[in-house]
Amino acid sequence: MSTVTLHETSAHHATHDHGHHEHHDSFISKYVFSQDHKTIAKQFLVTGIIWAIIGGLFSVIFRLQLGYPEATFPFLEDFLGHWAKGGKLQPEFYYALVTMHGTILVFFVLTAGLSGTFANFLIPLQIGARDMASPMLNMLSYWFFFLASVIMMSSLFVQTGPASGGWTVYPPLSALGEASSGSKIGMDLWLVSMAMFIVSSLLGGLNYITTILNMRTKGMSMTRMPLSIWALFFTAVLGVLSFPVLLSGAILLLFDRNLGTSFYLSDIVVAGKILPNEGGSAILFQHLFWFLGHPEVYIILLPAMGMSSEILSVNSRKPIFGYMAMIGSLFAICILAFLVWAHHMFVTGLNPFLGSVFVLLTLLIAVPSAIKVFNWLTTLWKGNIRFTPGMLFAIGFVSLFISGGLTGIFLGNSALDIHLHDTYFVIAHFHIVMGVASFFGMFAGVYHWYPKMFGRYLNNTLAYIHFWVTLIGSYLIFWPMHYEGLAGMPRRYYDFSNWESFKMFGGLNQFISLIAMIVFAVQILFVINFFYSIWKGRKVTTMNPWEANTLEWTTPIRPGHGNWEGDIPEVHRWPYDYGKDGVDFIPQDVPVGADESKH
Amino acid sequence: MKEFYLVAIVAMIFVVIFQIAKASEYVSVLKGEDKSRKQNNRINAFLMIAFLVLGLFGAWYCNELYYSKTLFPQGSASVEGEKIDLMLYITIGVTGVVFVITQVLLFWFAFKYQEKDGQKAFFFPHNNKLELLWTTVPAIFLTVLVVFGLKFWFKVTSDAPKDAVVVEITGHQFAWDMRYPGKDGKLGNKNYKLYNQPAGNTLGVDFEAEESWDDLHTTEMHLPVNRPVKLVINAMDVIHDVGLSHFRMKMDAVPGIPTTMWFTPQYTTEQMKKRTGNPNFVYEISCDQMCGQGHFSMRGVIVVETEEEYNKWLASQKPEYFTFFPKKDPSNQKATTDTASAPIAQAMPQ
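Protein chains in written order, with the working numbering: chain A, 1 to 599; chain B, 1001 to 1350.
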C-alpha cells in the first residue's frame, strides 16, 4: 500500500488551502449548480444514462416495425397516438425515431455522456489537480448540455414531430418543410439544440485542454500521464477544432430554412412549388457536416480507447505495451481524423481524383489502429489477468474494435463503397466500431471508476450478466447485418416486403429485433444496478480497490471538493509500473528507489 | 391484456435476477471474498474461451445461412461490377485472416493468462522491433488494397465509352422518371422553372428546343444487354440515390448538380431469372439516400433485354412532346387528314 506523500512545497500552493475549506454547501450548490468536477461528471453521466434509455427505447420501437412489418401493436397507439395509428408505426414517425436514435446516441450519450463524464471525472483526479481550470465554465458546460437536452426533448412533443431526415440532416430534405413533416418546427428545434450542444462541448473542451496543459501536479510530465488522459486530451482537441464547423453549417441551414438564403438550395421543385433559390449547393452541407462528423467518430472512440488501455493494464497487472506508440497512434488518429471526411461522400459525384486521395488517407488510419490492437494484445500476453467487470468490458471493447475496424477497410475503399454505401453493411460497421465498442469503453469506465464516484461497488453478478449478454447480443444483432448489406439492402427503409431483392431477409430481421429487445432489457438491468448501488451497493473499504498506480486512488474513499485532504501528491514515475522488479504495483507517487531497474 | 402479462413476466424475471445477484453478494461474504473472487475469475476465463469457440462457429454458421442470399454467388450483373466483386474477395481474404488471428489471440490470452496463485506478470513495457513489425506489415497490406481499390475506382469512374446508350434518370419524392434521347441522340434541355409548363411537364423539359421533340419519357428503364449504358442522374426536390445493387453501382441524385455513372449489363432479366432460380427476379432501382417518408417505397424497375427487344420497345414508345402538343403528332395528323377527307354525312351524327 502506498502512502500519500505530503509536500510542504506544493506546485499548486495557490489552491492548497482549497482542500481544507469547510464547505457549507446548500443542496443547490452541492448537487445542482455545483462547480465540483466530480459532481459535474456525475450530472453528465446520469443525464447520459437517461438519454441512452430513451435512445435505446426508440431503437426497440423501430426494430418492432422492421422485425414485424405486417403486425400491429395496439399498445403503441396508447403511447404514441396518431404516430402509431391502429398500432402500426407511421413512416414519418419511423423516420423520426431513426433520426432521434442517431442524434441522441451519437451526440447526447456517446459525446456528452462519455467525454463529459470521464473528462470531468478523470482529468483533475489523474493529473493531480484540485479541480478544472475554470470550474465555472465547467458548470456552464453541463447546463448548456442540459438546455440542449431540454430543447431536443421538447422537439419530440411538437405536433409535426421531431426532425426526421436522418441524424446527418442533409438538406434540401432538412431545409424544406414541404419535403417532410419532420423538417418543419422539429428541425428548427434540432438545430437550436445542436447549437447549444456545441457551445457546451466547446466550453468543456477548452477547459479539458487548459487543465491538462497547465494544472498537472509536480512531477506529472506529459509523458507520465495515464493513457486515459492522453485520449481525453486528443478528444478535446478534436472537438474544439471540428465542432465550430458544424455550428456554422447548422447556422447556415437555419438561415436557409427561415431567412430565405440559398446556401444549400438550388434548382428545386418541391410539392409542386418552384422555389426561387438559386446557386446553392446541397453538397456543401455534407462537407461541413462531415468535417465535424468524421472527427466526431473519434471523439466518441478515443475516450473508450484510453480508458480501456488503462483498465487492461491495471487488470493484467502489466504495463501497457508500447506507451509511446500508444500516444503516437492517438496523435496520428487525431490528425488523420481531420483529413478523411469525404469518404462519407464517395457516391455524391465527388471528383474521382479527390476521392482517391481520401481513400489513401482513410486506409492510412488502419495503421495506428492496428498498432493499438496489437499493443493491447501484447499487454494481455503473459499477464496475470483479473476479470473485474471493468476488465471484461475492456476486453470486449478490443474485440468489437477489431471486428468493426476491419469492415472500415471495406468501406474506406471507394470502389467497394460504391456497392456498400448506405446499406446495412454500413450500419453493422459503425454500430460495432463506434456504437457498441464505445459503449463497452464507457461501461468499462463506469465499472472501474464507480467505487471512486460513489464509494460503493456495483453488483458483480449483475455486471457479469450485463457483460456476457451484451457482448453476445451485440454480435448476434450486427454480425448478420453485414450479409444484408452485401445483398445491397438499403438503410433507413421502413418496410422491405415489397422489394424482390431484399424481402428474403424478413426472418433475419425478426431475429435481430428479438435479440435487440433482450439486449435492451439487459441494459435496463445495468441501470437498476447503477442506481441501486449508489445507495445500497457494497461499500468500498480500501482507498485503492483495484491496486492501481494512478493518482485518483490516493484520494480519500469519498473525496470532497478539492480531492486531496492534504497536499497534492508529487509524481515520481509513469503510471504503469506493474510487476516491475517483481513488485505487483508501484503507485505514481512513490519515489524511485535507488536500486530500481530502468526500463 | 397480453401486453400486461408480458410486462408482468419481464418484471418478474428482473426481480428474480436481481434477487439472485444480491444473494450472491452475501454468499461471497460468507465464503470469503478472496475465494469467490478467484472462482468468478475462473468462470469468466472459461467463458472467454467458450465465447471464442462458439463465436467462430457462429460466424461460420451465419455464413452458411446467408451467403447464398447475398448477391455474390450469382455474380455481378454488370461487367464493371466484377471488379468490385474481386475487390471484395481480396478484402475479405486479407481482413478475414487478421480477424481470426487477432480475435483468437485476444480470447486465448485472456483465458491462458488468467490470474493464478504464484503466477507473476511479465514486465514488458515495450519492444521496438515488435512495434515496427506491426506498423509495417499492416502498411504493406493496406498499400496492396489501396492500389487494387484505386485501379478499380478509376476504371469505374472513368468517362463512359462514346457508344454508350444514354438514359437520363430523375428522382423526385417518391419515384423515378427516365428520359431517352430519341433518334437525334440528344436530350432536350431541362429547366426546373419550366415545371408544369405545359401542365403535366413534371420534369421541366424545354419543349421550345427541337432536341426535346423526339425524347421519350418513361417510368421503367429498358436497357440492351452487353452495351455500355451511361446514366445522367438528376433530382427535382431533395437528394436521392440511384442504387443498383445487382450491377454494384450507386450514385447520388442531387438537385441542381447532375451526376453520371456508367456500366455494361451482361445478363438480360430473363437470364437472371435462370441464374438466380427466382422466376420473379427483377432488377430493382432502390433509393439509397434518405429522402422523406416514402423513401422505402421509391422503387424503380430496369428491364435488360436483347438488342432486338430493346429496339422494339423503343419504337413502341411515343415521344413526350406529342402528349403535350398532340397536333404535332404525325399519327394524329394522319388521323386528322383521314377524318377531313371522310364524307361530312358520316361525321354529322356526332
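It is worth saying that the hints were derived from the structure and are not from the lab. A couple of the hints might just be wrong.
To be verified - Keeping only pairs whose Cα atoms sit at most 20 Å apart, straight-line, the calculated PhoX-like set for lysine-lysine is: (1) B:K1038 to B:K1129; (2) B:K1151 to A:K539; (3) B:K1129 to A:K598.
As the list claims (entries may be wrong) - Label pairs and their in silico Cβ distance ranges: (4) B:R1275 to A:G81: 47 to 53 Å; (5) B:K1183 to A:G506: 42 to 48 Å; (6) B:I1101 to A:G279: 49 to 55 Å; (7) A:G81 to B:L1065: 49 to 55 Å.
Stated by the list, open to error - Covered by chain B, according to a simulated footprint, are these stretches of chain A (three or more residues, beta-carbon under 8 Å): (8) 46 to 53; (9) 58 to 65; (10) 121 to 127; (11) 369 to 375; (12) 396 to 410; (13) 553 to 564.
In this text, a Cβ means the ideal position worked out from N, Cα and C, and glycines have one as well.
We went through each hint and held it up to the structure:
no. : hint                          : verdict
1   : B:K1038 to B:K1129            : 36 Å, violated
2   : B:K1151 to A:K539             : 62 Å, violated
3   : B:K1129 to A:K598             : 19 Å, holds
4   : B:R1275 to A:G81: 47 to 53 Å  : 48 Å, holds
5   : B:K1183 to A:G506: 42 to 48 Å : 45 Å, holds
6   : B:I1101 to A:G279: 49 to 55 Å : 53 Å, holds
7   : A:G81 to B:L1065: 49 to 55 Å  : 39 Å, violated
8   : 46 to 53                      : violated (count 0)
9   : 58 to 65                      : violated (count 0)
10  : 121 to 127                    : violated (count 0)
11  : 369 to 375                    : holds (count 5)
12  : 396 to 410                    : holds (count 8)
13  : 553 to 564                    : violated (count 0)
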